[in-house]
Every structure is written in structure tokens, then in C-alpha cells.
Amino acid sequence: MADLRRSRTAAHPLGRRRPLTTPVAAGALVRALAERLGSDLRDLWTDEDTVEYQVDGARAHDVLRTLRDDDDLAFFMLADAAAVDYGPGERFEVVYHLFSWKHPGWLRIRAQVDRADPRIATITDLWEGAMFHEREMYDMMGIVFEGNRDLRRIYMSPDYRSFPQRRDFVLPDDAADSSAAGVRPLERPETWDLTRFNQAPGVTFSPSAQRDDAPGEAVTGGETLSSKSRPR
Amino acid sequence: MAVDRPTTGNATDPMPTGGHGPIVIPDQAGDSDLLREFGMDEHPQGGFHGLLEVIPTKADYILDLIRANSLWPLLSGLSCCAIEMMSTATSVNDIDRFGMFPFRASPRQADVLIVAGTLTTKMAGPLVRLWEQMPEPKWCVAMGTCTTSGGRFKRSYSVVQGVDRVMPVDVYVPGCPPRPEGLIYGMMKLHELVKERRGQWRTYVDRGPQRTRWEGDVR
Amino acid sequence: MTGIDPETRIPDPIELDRAEEERLRAVAGLTPVRASGGEYAGFEQVGIPDRPPQTEREREVYTLDEGEMLVNMGPQHPSTHGVMRLVVKVRGEIIVDIDPVLGYLHRGIEKLCENATYTTVLTYVDPMDYLSTMHNEHAPAIAFEKLYGVKAPPRAEYIRALVVELNRIFSHGLMMGFLALDMGGITPILYAFINRDEIVDMLSAISGQRMLFNFFRVGGVNFDTNDEFLSRLGTWRGNVMKNIEMNERMITENEIFRARTIDMGTLTGQQAISLGVTGPNLRACGVPFDVRKAKPYSIYHELEFDVITQQGGDSYARYLQRIAEIKQSIHLIDQIIDKMPHGSVQAQVPGIIRPRPGRAYGAVESPRGLYSVYSISDGGPNPYRFRMRDPSFISLQALPKLMPGRLVADTMAVMASLDPVMGGVDK
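Chains as they are written, first to last, in our numbering: chain A, 1 to 232; chain B, 1001 to 1219; chain C, 2001 to 2427.
Read the hints as simulated data drawn from the structure, not as lab findings. Treat the hints with caution; some may be incorrect.
Claimed, not checked - Distance ranges between label pairs, derived from CB positions:
hint, chain 1, residue 1, chain 2, residue 2, range
1, A, Glu48, B, Met1188, 32 to 40 Å
2, B, Pro1102, C, Arg2249, 24 to 32 Å
3, C, Pro2288, B, Ser1091, 32 to 40 Å
4, A, Asp56, C, Arg2356, 50 to 58 Å
5, C, Ala2294, B, Asp1096, 24 to 32 Å
6, C, Met2241, A, Ser39, 57 to 65 Å
7, B, Ser1091, C, Phe2305, 52 to 60 Å
8, C, Arg2249, B, Leu1065, 41 to 49 Å
9, A, Arg119, C, Arg2258, 48 to 56 Å
As the list claims (entries may be wrong) - No farther apart than 25 Å at their CA atoms in a straight line, the calculated lysine to aspartate or glutamate pairs in the DMTMM-like style are these:
hint, chain 1, residue 1, chain 2, residue 2
10, C, Lys2293, A, Glu48
11, B, Lys1154, A, Asp125
12, B, Lys1189, B, Asp1170
13, A, Lys102, C, Glu2302
14, A, Lys102, C, Asp2306
15, C, Lys2242, C, Asp2201
16, C, Lys2401, A, Glu52
17, C, Lys2151, A, Glu52
18, C, Lys2293, A, Asp69
What the hints assert, rightly or not - A short, non-exhaustive set of chain B residues, derived as facing chain A with CB atoms under 10 Å:
hint, residue
19, Thr1121
20, Arg1155
21, Ser1156
22, His1191
23, Lys1195
The beta carbon of each residue, even a glycine, is placed where N, CA and C say it ideally should be.
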């Protein structure tokens, strides 16, 4: 119990920023993947405990079935399925994380989906548990999973019309995307009806379109978004 | 069964006071000093009167005391605050001390709605329906910052920014979540509110002028 | 006026006039309809949406055969563990099908996190799975540390493991209480809350906040241990085994409890893996999957413990699994206290972090299973994408598979044994 006492020493040397650790000993996994699914997988990228590949959306279902059923790979568990939006004019990604007893790291499969026509094959025939994942992605991103028996909205009400997780869905006071870089107040002056002030005699009121921090103009059309730096 | 009890009226004439029988208080009968102390007047033909003029106000006061000290909450938790509400109800913090333990599962048996947790747009309809199913008099306590203003989820696309946008609220308890002591303090405030008739439910049924202090209120 | 795409309808939260209120009421979608015929013809039923079915599955659930009717449980129901709605199709007292309707607590946490700085994200994830707050913060902390390339000092990792195991104990204890409560036993929940309040007060002594602790930081924890925490920990450790065993004696051998849990809601291992069930529910089926062993994070590779499994996969096995894990966590806490090193608890990290572009995955074993975070950085101060995989959200899919053929009253008993938390289910 002596070690539990409060101790105030200098910051730990590991605290300094340092490069990511070398990739895991994933050689066996990478070899097996290249052997089984040579041309389908591309853009290998590894982290300290993750091996990552990209696939085409059209091939994702076959790749995942091979990963699950092949005896050497045996990725029997779907750990996560998530959708990522890269903004208007770009693409969607459906990201699957898989787990296997035989390999040391998580396997991440990134399937590319066209943003204008977001369709990808369902994997509920491989893992029943993908059902809620896919319903959530449909609800939040609007990605259509072909073959899914129950593609309804899961969180928002059935009459809701937009897809909140998309990048072009902007929160009412979206600090991150505002031209004022996070210092914008909560109010949205562009929504105020100022006509009665403008028409009143002796009152001058600059229209909201001329304001420098008018957020409505800045966040639409994807110009602000597409000009931002983003990962590959 | 005829009981041989002393009366202050005239036994031979059952209606000496013009249509009304004499008002008899058996225990204190004969103790005129005590009855005078109660504020009753002696009737010229015998007996005392004036008790009925006193009872309506006192009964309201007593009803308010009863209401304030047996506020039964609705067993309704929305999210995180519900766990602290349960903690308030169970052994350690024991809100049973204030007559509040029976968390009623049916809104028709509940007096107070503790909105514990974030109210989303999807849940707003059912919550309003619950509130409208509760019989009057009823009170509403907004527990936690999410229900008072939206709190940390104020910017969200699916959160109602405070339950007072959809229903009247009597007491706001801030905190994320409030400690059980905080909720108990809010309930004490609600007791004051009920006793002074300052609650929101009077906006539905007007029950006379608002009073801030009651006769005989010794607080 | 603003040129916003009409498809992207921004809900205006300021104006909530009467029409909006009417809309909110209509959103519940509870339109009374009448049963199709048979025994229950003429009974007014609530729950069938007044629109054509959108999917195959919806048509299957909401089409009634002779003698069937729909019963609506929730969103306000005393034992749905929060605001969840179950549309139950019954024939008499026997369940035919269940359609869970979620989203009554959807707060858009992922979207809010994408607009918050990395440090603030650790605040936003707190109320998600509100019975395992420490785990909610652990996974993002792991992911962000990977993104930023910083490691927490050893003492911070030990304190993290300590508070996380404490959190697991009270979460499992509450599960035992709720399970008994849903079968009509009130006493266990009172004892469970005594234990919970003891631990929560202890954690508030170290973190400063009672329930949503907000204790983790990128690169460490917020505070070092203090005297009040340690004295409370010592007192609690002296009594905990006695309390747990008392609660256990009260429930485990109870005739009613056994009758309502044994062979009830049985999942096979294969089924559970396919459904994505993780955590104690999966281990109760005999599958030894525990993230602490399978992909060790924090300091779990330094601790000695085995993955506990049960055979059977029914509600009773899930209950026994929780008890065994409580005792295992106490055992882990003893080891952590023995091994805890000196040192700093917080690496030197600026207040606003701007990691290099990249992506990271952090997974922890929460009391309800595999809780993971997938975070993408674009070099800015906010996560470009922040995704949380909540175990109870996925485990809830098992409920419609388990219940057909059972009695309506057993729904709650089986659901409580799966231990979902609606804050995590709906995010």
C-alpha cells in the first residue's frame, strides 16, 4: 500500500511526443491475406495493433466471406462496422473491424462507396449482428445496404428526412465548421426576420449576408469542407 | 344507540337554533373556555357556533400539507439522472423520509413527474402524453441540466432544449447529474411550493388567489 | 436564404411553437388500430404505424394472423431499463415476435464529438453508457493516445485499471439487483445501491464528480490518488466480499429466481457470435472472448487472471457470470494495488491536441462487452470522425431471437439478464 501514496514527480519521459511504434508482427497475416485475396486488397497500412486494407465496395461482401470462412484467417467476429463520410463530392467508406484468434491485431477493411449513389451489399447473411450496424449507418449516413431485410431508420423517427452524420449536415451552431473558428455565438442571426426593423423609419440594419461571420454562406456547397485537409 | 352524553342544546326541542341541530363536540363539551379558545362563538340559545366558518380554510391547509408530504413520483427515468434518482430512492439517501418512496408505475397514480435525463424529440411526445395522463394536482421537476436547458447536448439535432418547451416545470434541479442531496433539496423546494400553492398546476384550474403565507403557518 | 441544401433540413431548436409540439406528439407514431380478427377482434391496439410497411421485416412483424395481437411495451415502462419500446406480437400469453423500437434517447453524441476538441470528447462520451462511465472514457483515451503518439505513464495506467475495475463491480452489482427487481424482488436492488453508492463516492473522491466522472485525459488521468479515496477503498475492500456474498445468497438459491432464469433465454455460442453479443453474455455461452486477454490494453498483460466462462448460455448462466466477474475484479484490484508504481499520472500533453492525420481503433472490455472507438484525425483539433461501438446496442438484437415461444412476463427477465443500458443503446 505504500506505493499508493500521492507522489509528485516530474512528467514521465514517455510523455513526450514520439512516433508511432513499429507495426505488429503481422507478417503471417499479411502473407495469408495476400495469398487468399491478392488483388482485392490494396493500400496496406498498419498501426501498432491494426492491419488495414481498402477494398472496392462491390467486392466487400466476398472479401468478408473469405475472411470469415477461410481456416487460416478465421475472422469469426465482426467487432465493428462504421460509416465514414468524406464530404460532398468525395466518397463514403464502410469500415469493418474484424477479430480472429489466429492473428495478433485487429483487421480493418475499408470499403469504398460512391457518395452520389451509396449502395453496398449487406453482410447480415454473414453476421446477423450486422443488422443494427447497417440500420444505424442507413439512418445516420443514408447508405443503402442491398439485401438487408430491415433497412429502416433506427434512431430518428420514420418521418425524419435528413442524415445527421453526413458532413454537410451542420449543427445549428457548428463551431468546427464556422468561419469564425469556434468563437461564433449560439444565435444564428441569418435566421432572424429583420424585415420589420429594416422597414421601420430611422433604423438601419446591415443584412446578414454582408456579415463577415455569416455562417450560412460559408458552410454550404462543400467548398469549405472540401478545402479542408482530410486524411486519405 | 342512544348514548347518554351531555349536550349544550335543549334536549326537548331538537331544533332550537332555527333548523340546525346544536353543534356538539363531545370531548370538549361543557368546556366553554376551550371552545372559545378555538374561536367559536356562544349561541344565545345555547351551544356554540362558528366552527363551520373555520373549517374550509383549515381543511385546504391540511390538504396542502397532505399533498406536500406524500408526493408520489412517477417511475419514469429517461437516462443518466434516473440512476441518481434511484439512488435517491434507495437506502443510502432514502427519500421515503419525505413520503416519496412509492414510485408509481402508472401516471394515473402519480403526483409529481421527475423528468430525469435528456429529453429527445422522439421521446417528447410520449412524455407529454404521460404528463397529460397524470391527474391534477400535479407537479413537474426538471432534474439535471439536460432537462433544464439541454445541457451538454444543447447543440444536438435531436434534443429538446429543456422540458419547459413542452410542459410546465415547477422546480429546476441543476447538475449533471445532480447529487441525490441536490434532488432532495429540490423536493424540499417543491414542498414549499405545494404548501404555498405556487405550483404550475393552478394555471390549468384556477383555485382562487395565490397566497404566499397561510394563517397558522409557523415556518 | 442561406443556400442550405433542402435535403439537409436543419432542425431549428429555438422555435418550438404549437405546431412543432403537435408534430412531436405525432412522431410517437402511436395510432390506434383494431385487431384483424379472431379472438381479439375489436380490441383497440396501439403500436401499428399508420403507414405502409417499409421493409420485409416490418411487414412480417406488423401483419397479424388469426388470434394475434400487438402489445406495446414502452417507451415508458417500469422495467425497460430506460426509454425503449418493444412492440410485442402475442398469441394469448405467448410471444410470437418482438420488434424493438430504439432512438428514444438518441442524443447525437457522435456528431457532437466530431465538433468538440479531443479533450472535450472525453466529457461527451460520459453519459453514453451511464453505468460504465470509466470504460466510456477509456476507449477514446486509448484511441486518441494512439493518434497523438503519446503513452500514459505507468502509474496512470494502473489508476485507470483500478477505477475501471471498480466501475465494473458496481455495474455488475446493479445488474444483479435489476434482474431480481424485474422478477419482483425489491431487496437486492437496495443492497446493490448501497454498494454502488459506496463505490461512486469513492470514485468521486478521486475524480471530483459523482456519476459522470470525467476522469480520463489524453495521456493519463486527471488526479492522483488521495487520502480520502484510499481510506474509502480500504473500508470498502474490507466489507465487499461479505456484502457480495450476502446479495448472492439472497438471489442465487431462490426458488422463484431459479425457476424464472434457468433454461430461459438460452443462447448458443455460435448464435451469440453471429449476433455480435460480447462480454459476459458471450462468456456465459462458453466462448472465452475477453478483450482484456484477447487484445490486452492498458496493463492487463501484467495481471494474472483467467477468462471465466459458464456453460449453458441461459439467464442463470449470465447471472452467475456477473458474480464470478465481480470476484475476479476484486482479485484484480488487489493485484493492481500491490503492483502500483510511483510516478506521474499525466503525460505532458497540450490542452488542444492536433494529432497528425490518421485513424485509430481503441477497444476495451466494458461490463457489457466490447466497447470500441474508431477515430479519424484530419490534423485539426476535432476528430474528423468519431465512432463508438456500444455493446448493449448490439446485444439487444438477441432479444427477438430469444423470446418467441415464451411468456410475456419473461421478456423483462431475459432482457435484464442481457443488461442493456439505453444510454449506450441509443447514443
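Against the structure, the hints:
Checked against the hint of 32 to 40 Å, the pair Glu48 of chain A and Met1188 of chain B fails, with Cβ atoms roughly 54 Å apart. Pro1102 of chain B and Arg2249 of chain C have their C-beta atoms about 28 Å apart, which keeps the hinted 24 to 32 Å range intact. Between Pro2288 of chain C and Ser1091 of chain B the beta carbons are some 37 Å apart, a value that agrees with the proposed interval 32 to 40 Å. Our hint of 50 to 58 Å for Asp56 of chain A and Arg2356 of chain C is violated, since their Cβ atoms are close to 27 Å apart.
Between Ala2294 of chain C and Asp1096 of chain B, the C-beta spacing of about 45 Å breaks the proposed range 24 to 32 Å. Taken as a hint, the range 57 to 65 Å holds for the pair Met2241 of chain C and Ser39 of chain A, whose Cβ atoms sit roughly 58 Å apart. Under the hint 52 to 60 Å, the C-beta atoms of Ser1091 of chain B and Phe2305 of chain C, about 32 Å apart, miss the expected range. For the hinted restraint 41 to 49 Å between Arg2249 of chain C and Leu1065 of chain B, the CB-CB distance of approximately 43 Å keeps it satisfied.
One distance hint, 48 to 56 Å for the beta-carbon pair Arg119 of chain A and Arg2258 of chain C, holds here, with the actual separation near 50 Å. Proposed proximity of Lys2293 of chain C and Glu48 of chain A is supported: the alpha carbons are some 17 Å apart, at most 25 Å. Restraint check: the Cα-Cα separation between Lys1154 of chain B and Asp125 of chain A comes to about 39 Å, which exceeds 25 Å; the hinted pair is violated. About 9 Å separates the Cα atoms of Lys1189 of chain B and Asp1170 of chain B, which keeps this hinted pair within 25 Å; it holds.
Simply put, Lys102 of chain A and Glu2302 of chain C have alpha-carbon atoms about 22 Å apart, close enough for the 25 Å limit, and the pair holds. A C-alpha spacing of about 19 Å is found between Lys102 of chain A and Asp2306 of chain C, which places the hinted pair at or below 25 Å, so the restraint holds. For the given pair, Lys2242 of chain C sits about 19 Å from Asp2201 of chain C by alpha-carbon distance, which is consistent with the 25 Å threshold. Distance check on the hinted pair: Lys2401 of chain C and Glu52 of chain A sit about 33 Å apart at the alpha-carbon level, beyond 25 Å; violated.
Annotation: proposed proximity of Lys2151 of chain C to Glu52 of chain A holds, straight-line Cα distance about 22 Å (limit 25 Å). Taken as a hint, the Lys2293 of chain C and Asp69 of chain A pair is honoured in the structure, with Cα atoms around 24 Å apart against an allowance of 25 Å. Contact between Thr1121 of chain B and chain A, as hinted, is supported at the beta carbon level, the nearest pair being about 8 Å apart and thus within 10 Å. Nearest Cβ of chain A to the Cβ of Arg1155 of chain B: about 5 Å, under the 10 Å cut. The hint holds.
Hint status for Ser1156 of chain B: holds, given a least beta-carbon distance of 7 Å to chain A, under 10 Å. Of the supplied interface hints, the one on His1191 of chain B is violated, with its beta-carbon coming no nearer than about 35 Å to a beta-carbon of chain A, more than 10 Å. Contact between Lys1195 of chain B and chain A, as hinted, is not supported at the beta carbon level, the nearest pair being about 38 Å apart and thus beyond 10 Å.
Of the numbered hints stated above, those contradicted by the structure are hints 1, 4, 5, 7, 11, 16, 22, 23, listed in ascending order.
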